[in-house]
Amino acid sequence: MTHSTPEQPTTDTPSSAPGGLVKSVVALDRVVIRLAGDSGDGMQLTGNRFTSETASFGNDLSTLPNFPAEIRAPTGTLPGVSSFQLHFADHDIMTPGDAPDVLVVMNPAALKANLADLPGGGLLIADSDEFTPRNLAKVGYAENPLTDGSLDGWQLVSVPLTSMTTDALADSGLGKKEAERSKNMFTLGLLSWMYHRPTEGTVRFLERQFRKKPEIAAANIAAFRAGFNYGETTEAFAVSYEIKPAPMPAGTYRNISGNQALAYGLVAAGQRSGLPVFLGAYPITPASDVLHEMSKHKSFGVRTFQAEDEIAGIGAALGASFGGALGVTTTSGPGVALKAETIGLAVMTELPLVIVDVQRGGPSTGLPTKTEQSDLLQALFGRNGEAPVPVVAPRSPADCFDAALEAARIALTYRTPVFLLSDGYLANGAEPWSVPGADTLPDLRVEFATEPNGPDGEFLPYLRDPETLARPWAVPGTKGLQHRIGGLEKADGTGNISYDPANHDFMTRTRQAKVDGIAASLPPTEVDDPDGDAKVAVIGWGSTYGPIGAACRRIRRSGRSIAQLHLRHINPLPADLGDILASYDRVVCPEMNLGQLSLLLRAKYLVDVQSHTQVRGLPFRAAELAAVLQDVIDGTSTVTPTTASEVTP
Amino acid sequence: MTTHPIDEHVHELGMPAFDQRIADAVARSVELGGEKQTALKAKDLKTDQEVRWCPGCGDYVILNAVQSFLPSLGIAREDMVIVSGIGCSSRFPYYMNTYGMHSIHGRAPAIATGLAASRPDLSVWVVTGDGDALSIGGNHLIHTLRRNVNLTILLFNNRIYGLTKGQYSPTSELGKVTKSTPMGSLDHPFNPVSLALGADATFVGRAMDSDRKGLTDVLRQAAEHQGTALVEIYQNCNIFNDGAFELLKDPLTGTQWSIPLVHGEKIVFGPDGASCVVADGWGGLRVAETNQVDEAQIVVHDAHREDPAYAFALSRLSHQDLRYTPMGVFRSVAKPTYDAMMTDQLEDARSGQPADLDRLLHGSDTWTVEA
Numbered sequence: 001m002t003h004s005t006p007e008q009p010t011t012d013t014p015s016s017a018p019g020g021l022v023k024s025v026v027a028l029d030r031v032v033i034r035l036a037g038d039s040g041d042g043m044q045l046t047g048n049r050f051t052s053e054t055a056s057f058g059n060d061l062s063t064l065p066n067f068p069a070e071i072r073a074p075t076g077t078l079p080g081v082s083s084f085q086l087h088f089a090d091h092d093i094m095t096p097g098d099a100p101d102v103l104v105v106m107n108p109a110a111l112k113a114n115l116a117d118l119p120g121g122g123l124l125i126a127d128s129d130e131f132t133p134r135n136l137a138k139v140g141y142a143e144n145p146l147t148d149g150s151l152d153g154w155q156l157v158s159v160p161l162t163s164m165t166t167d168a169l170a171d172s173g174l175g176k177k178e179a180e181r182s183k184n185m186f187t188l189g190l191l192s193w194m195y196h197r198p199t200e201g202t203v204r205f206l207e208r209q210f211r212k213k214p215e216i217a218a219a220n221i222a223a224f225r226a227g228f229n230y231g232e233t234t235e236a237f238a239v240s241y242e243i244k245p246a247p248m249p250a251g252t253y254r255n256i257s258g259n260q261a262l263a264y265g266l267v268a269a270g271q272r273s274g275l276p277v278f279l280g281a282y283p284i285t286p287a288s289d290v291l292h293e294m295s296k297h298k299s300f301g302v303r304t305f306q307a308e309d310e311i312a313g314i315g316a317a318l319g320a321s322f323g324g325a326l327g328v329t330t331t332s333g334p335g336v337a338l339k340a341e342t343i344g345l346a347v348m349t350e351l352p353l354v355i356v357d358v359q360r361g362g363p364s365t366g367l368p369t370k371t372e373q374s375d376l377l378q379a380l381f382g383r384n385g386e387a388p389v390p391v392v393a394p395r396s397p398a399d400c401f402d403a404a405l406e407a408a409r410i411a412l413t414y415r416t417p418v419f420l421l422s423d424g425y426l427a428n429g430a431e432p433w434s435v436p437g438a439d440t441l442p443d444l445r446v447e448f449a450t451e452p453n454g455p456d457g458e459f460l461p462y463l464r465d466p467e468t469l470a471r472p473w474a475v476p477g478t479k480g481l482q483h484r485i486g487g488l489e490k491a492d493g494t495g496n497i498s499y500d501p502a503n504h505d506f507m508t509r510t511r512q513a514k515v516d517g518i519a520a521s522l523p524p525t526e527v528d529d530p531d532g533d534a535k536v537a538v539i540g541w542g543s544t545y546g547p548i549g550a551a552c553r554r555i556r557r558s559g560r561s562i563a564q565l566h567l568r569h570i571n572p573l574p575a576d577l578g579d580i581l582a583s584y585d586r587v588v589c590p591e592m593n594l595g596q597l598s599l600l601l602r603a604k605y606l607v608d609v610q611s612h613t614q615v616r617g618l619p620f621r622a623a624e625l626a627a628v629l630q631d632v633i634d635g636t637s638t639v640t641p642t643t644a645s646e647v648t649p
Numbered sequence: 001m002t003t004h005p006i007d008e009h010v011h012e013l014g015m016p017a018f019d020q021r022i023a024d025a026v027a028r029s030v031e032l033g034g035e036k037q038t039a040l041k042a043k044d045l046k047t048d049q050e051v052r053w054c055p056g057c058g059d060y061v062i063l064n065a066v067q068s069f070l071p072s073l074g075i076a077r078e079d080m081v082i083v084s085g086i087g088c089s090s091r092f093p094y095y096m097n098t099y100g101m102h103s104i105h106g107r108a109p110a111i112a113t114g115l116a117a118s119r120p121d122l123s124v125w126v127v128t129g130d131g132d133a134l135s136i137g138g139n140h141l142i143h144t145l146r147r148n149v150n151l152t153i154l155l156f157n158n159r160i161y162g163l164t165k166g167q168y169s170p171t172s173e174l175g176k177v178t179k180s181t182p183m184g185s186l187d188h189p190f191n192p193v194s195l196a197l198g199a200d201a202t203f204v205g206r207a208m209d210s211d212r213k214g215l216t217d218v219l220r221q222a223a224e225h226q227g228t229a230l231v232e233i234y235q236n237c238n239i240f241n242d243g244a245f246e247l248l249k250d251p252l253t254g255t256q257w258s259i260p261l262v263h264g265e266k267i268v269f270g271p272d273g274a275s276c277v278v279a280d281g282w283g284g285l286r287v288a289e290t291n292q293v294d295e296a297q298i299v300v301h302d303a304h305r306e307d308p309a310y311a312f313a314l315s316r317l318s319h320q321d322l323r324y325t326p327m328g329v330f331r332s333v334a335k336p337t338y339d340a341m342m343t344d345q346l347e348d349a350r351s352g353q354p355a356d357l358d359r360l361l362h363g364s365d366t367w368t369v370e371a
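If you read the sequences in order, they're chains A and B.
Once you know that position 269 of the first sequence is 269 in my numbering, the rest is easy, because the numbers rise by one and skip nothing.
Once you know that position 250 of the second sequence is 250 in my numbering, the rest is easy, because the numbers rise by one and skip nothing.
The hints are simulated quantities; they were obtained by calculation from the structure and are not laboratory data.
All the given hints hold, so there is nothing to weed out.
Computed footprint of chain B on chain A, listed as stretches where at least three residues anywhere in the stretch have a Cβ under 8 Å from a Cβ of chain B:
1) 262-268
2) 337-349
3) 436-442
4) 475-485
Keeping only pairs whose Cα atoms sit at most 20 Å apart, straight-line, the calculated EDC-like set for lysine to aspartate or glutamate is:
5) B:LYS36 - A:GLU458
6) A:LYS296 - B:ASP356
7) A:LYS112 - A:GLU70
8) A:LYS23 - A:GLU242
Among the chain B residues that face chain A by a calculated CB cut under 10 Å, a handful are:
9) ALA25
10) GLU78
11) GLY106
12) GLY114
13) ALA117
14) GLN353
Even for Gly, the Cβ is constructed at its ideal location relative to N, Cα and C.
The whole structure should be built from the sequences, with the hints applied where relevant.
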């Protein structure tokens with residue numbers, strides 16, 4: 001469970017280190033570490049390595065990378081600060097943690113940008129070498145905070161990380177500038193010692209990463225080891241910490257990020273359907289990593305096409321679907337806006353297509369590297385005409401794998417475009433994943449049409465399967481099934497152009513009925529109410545699952561009951577949802593938008609859903625969410641929308 | 001690589017083995033419906049749909065020419081796909097008994113790219129117009145051309161927006177008076193051939209709707225070309241821009257102002273071959289009077305020249321009033337196609353690392369939790 005203050009040590013075991021130093025080992029059940037530095041300091045890499053070490057050690061974990069949209073903002077400035085937060089524990093956790101217990105800052109800008117998040121008494125490790133008058137002045141520090149006493153409320157450890165790194169690499173043959181670049185590995189070594197992380201993986205990683213530059217590999221490994229040894233021998237750190245592996249269900253695990261899991265899900269969908277996957281995409285943050293990952297898997301018959309624009313990306317994917325491929329396009333919100341017309345064409349032509357929207361802050365260019373859930377209504381309604389499109393949303397980084405398979409299942413079974421709504425938090429966040437066996441994954445095989453289906457031996461491309469309402473998928477090359485499809489309204493059955501009023505009414509309702517009918521294939525909604533007597537339900541969708549779940553645990557620990565519902569399918573909504581919502585006195589819906597799902601639920605079920613919203617570009621904090629839910633349960637407050645006058649910048 | 005029956009289908013169709021289910025469906029349809037028929041007649045390509053262009057439209061002539069010519073390629077009709085955008089010309093697929101998609105405005109080249117790149121066994125055609133291809137779809141057109149995807153683009157140029165009832169188009173001449181430009185258009189027009197050559201198109205041709213022989217000749221070369229072929233077809237819109245190409249169609253002025261291009265032959269034109277094309281001394285070309293120049297100075301047309309600058313110079317001979325318009329194949333050069341290279345990459349990847357989903361999902365760093 002997450003706490004906003006550090007855990008109390010539970011054991012205190014002295015151990016001896018080389019040099020006769022007596023060091024103690026403290027056992028903790030969880031830690032939240034945040035690494036912050038300049039964009040060029042390699043904080044994301046350091047965080048990812050620490051995460052991999054932690055995953056292979058067997059802790060449960062959750063990560064929150066947070067970086068600027070600028071590739072390299074001016075060095076040492078606030079806009080250039082990049083950070084990586086990792087929460088790891090000896091038990092099942094749901095979020096990257098509300099606040100860090102340990103903050104590592106590589107320069108004054110990183111301190112200034114992150115100190116407010118570090119609770120009083122928290123451990124603060126700073127690279128004292130970088131606190132130069134020039135760097136301090138860049139961010140407006142008149143005095144050096146490491147020495148002026150202003151940080152007395154925290155456990156400050158000033159360490160000359162940069163100079164110790166260059167000292168350690170004095171004989172490496174590298175110049176000073178180049179040697180300095182390894183300071184992130186020195187820091188990683190120090191942290192690896194502090195938290196008893198295994199180190200072999202990082203050594204292997206560095207050897208692999210710099211295969212072609214062995215001297216750089218050697219320098220980084222040397223810096224990493226020097227950091228580890230420094231921790232062991234210095235008097236600055238008298239304590240190291242042990243966080244035991246988390247008990248998890250039996251299985252083989254790996255660490256995985258959302259974008260990687262999503263890409264694997266798409267590759268798996270191709271394998272399980274027996275169809276080639278065609279990904280048409282245009283680079284856009286934070287979705288590009290899916291394109292990068294997919295492009296590595298050509299051996300699985302995955303074709304990746306980096307198009308000239310978003311429209312060509314989806315157009316090519318739809319063209320490939322016409323040819324019998326599983327067409328996929330990946331993008332973020334602004335790209336969805338551009339693809340809208342082609343999505344309408346896919347609705348009209350009734351071809352399978354998966355549209356991945358890794359949501360980011362909007363509107364317009366918005367916050368490219370930050371997370372938000374504000375594309376829900378765009379996915380549902382952002383097209384001309386009545387153009388229903390199913391919407392599926394993953395709830396955690398690893399869940400992106402299953403959600404991608406589910407999106408492909410719906411697309412292939414019902415011959416329809418499907419939205420897969422991930423977001424920046426899921427995309428870049430990581431967690432342990434119990435790797436499924438390939439043969440346990442859903443069977444997604446579909447049959448192509450191979451012979452005429454009409455009463456007179458003709459082919460009727462819009463003659464539907466009575467159960468799914470899907471039309472036959474006849475791919476070019478199939479003899480005798482030549483047909484023409486397109487964006488103009490289709491006559492029922494023949495698919496010829498039809499302007500007949502009754503036909504248009506019928507086809508519009510049929511396309512809607514086809515999407516509505518997907519609900520029949522969905523499992524009953526899971527209601528998580530361990531006490532069984534909750535009067536208040538909280539409902540969410542997508543990446544808020546972790547924070548909402550963590551908030552619910554807090555509520556239950558305080559002796560209150562609450563039911564948690566989390567939607568994977570937002571279109572169609574599960575058939576039992578209306579009855580479930582109506583059975584609670586109050587329903588709260590937290591979202592990282594201004595209330596899009598609650599608008600939908602209120603309209604559809606006439607339930608007085610209370611919306612709680614936040615669009616800070618960051619996931620909800622569990623403690624804050626728990627406070628909101630507690631107030632609703634206690635009846636001390638109903639959630640009301642924030643008004644502009646209440647917003648403090 | 002082990003071969004099983006399905007793999008054979010794939011092999012016969014020239015498709016990579018990943019596409020076995022597609023190949024299997026195709027093979028099954030042949031089992032059920034008999035062998036693919038490649039000996040077609042024009043009527044085999046007609047559909048039951050009533051052709052709904054305006055009476056007298058140049059599109060009828062092009063449709064007839066295409067239906068008459070396609071059977072000579074020896075391709076089964078189920079192996080042909082016609083993708084179009086929006087506009088009068090884009091109704092084309094409905095009248096062809098092949099596979100087809102009448103898509104959305106300007107996007108046909110993008111859609112056809114996805115289809116052609118993933119199905120190298122098909123003969124993919126794009127039918128588009130000057131508004132569709134050069135205005136809203138200009139970006140897709142140039143990128144398709146530079147990629148050299150194996151498809152043939154027929155660009156019907158009538159120098160007007162017909163379906164929206166008569167606004168000027170990106171090929172309308174400067175000063176064109178239309179419904180949206182009552183005082184004359186201010187846009188300088190595109191020369192579609194110049195544009196395509198600027199995008200390094202490997203095949204560019206131009207033909208006249210009413211010239212059955214010339215059109216068929218260019219179409220044949222375009223269809224046989226491996227890579228993206230662009231054919232600009234001058235097409236008369238008798239409702240909104242009637243007579244737009246009369247200067248070139250009229251037997252008298254046509255001879256004077258059109259420049260027939262024949263690979264390997266001197267570029268001589270006009271009544272009694274009075275005019276010819278020579279180098280202008282600045283890297284370009286100019287029209288000269290044949291009797292005023294040395295015969296050795298007359299340019300011999302070389303459509304296979306690697307450098308597109310020559311074909312571009314040819315395209316610049318014409319004026320926006322259509323005087324000195326070269327007709328025929330400007331450029332036809334061999335370059336690897338996008339789809340073939342993509343297929344090669346897939347096959348290379350598979351031979352290097354056989355597809356193993358379990359191995360992919362596990363990755364290199366796993367740990368096991370015992371029960």
